[in-house]
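Participant: Go ahead and model the full structure; you've got the sequences and the hints to work with.
Chains as they are written, first to last, in our numbering: chain A, 1 to 115; chain B, 1001 to 1110.
Take a look, some chain B residues computed to stay more than 12 Å from chain A by CB distance:
#, residue
1, V1012
2, S1017
3, D1054
4, T1062
5, R1109
Pairwise CB distance ranges (calculated):
#, chain 1, residue 1, chain 2, residue 2, range
6, B, L1045, A, D51, 20 to 28 Å
7, A, R111, B, S1017, 27 to 35 Å
8, B, L1061, A, S40, 22 to 30 Å
9, B, D1069, A, V12, 41 to 49 Å
Since the hints were made in silico from the structure, they are not lab data.
Backbone N, C-alpha and C fix where the C-beta goes; we use that ideal spot for every residue, glycine too.
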Amino acid sequence: DAMVIQNPRYQVTQFGKPVTLSCSQTLNHNVMYWYQQKSSQAPKLLFHYYDKDFNNEADTPDNFQSRRPNTSFCFLDIRSPGLGDAAMYLCATSRDLRTGGSEAFFGQGTRLTVV
Amino acid sequence: GEDVEQSLFLSVREGDSSVINCTYTDSSSTYLYWYKQEPGAGLQLLTYIFSNMDMKQDQRLTVLLNKKDKHLSLRIADTQTGDSAIYFCAESINDYKLSFGAGTTVTVRA
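Facilitator: Following this line, the structure appears as structure tokens:
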């Protein structure tokens, strides 16, 4: 019954080795988001897609990229992970926040460890 | 500083009411949200309030909004051990973006 599925739940990667996190949704939502959440901090939006339109936050490092090959899937690519990129990465979807409190549905998150 | 601010910790006795407070900065926010995060899990929407409302009640949850002071609160009546979690306040600052507070860790003690 999970509607937003993130794989894997836990990912360990080596310093500098590219890593990809995946997210899929069964809700057919237009908008998909990637958030980074570090310990005891607020989730921070990295970027979002509205359909195929990609929207990068101004302070998202170039090291982070994203792909959305179709409505259901969205990937987060970290080209050269550093120790500071260790965090929980949350994927979320929504129809459109303009349409009246349309909630964002979150996945379980992927906890990334960089060694 | 952050756009949304919350106190970091709250300890409450089982059966008492919990009140979690939040302040936000964007007066144009149309919706304000409360999310719950249990250990190792994603965020779950608890409730939301439209900015032209003062109060919203949903079973044990009561949301109060003071738009003039940009203050939002969440009251949980009859707090249970299952309510132990991190609670995030969030504002929608444009059509697609949610800005979150750092979260309030609620600990329910017997």
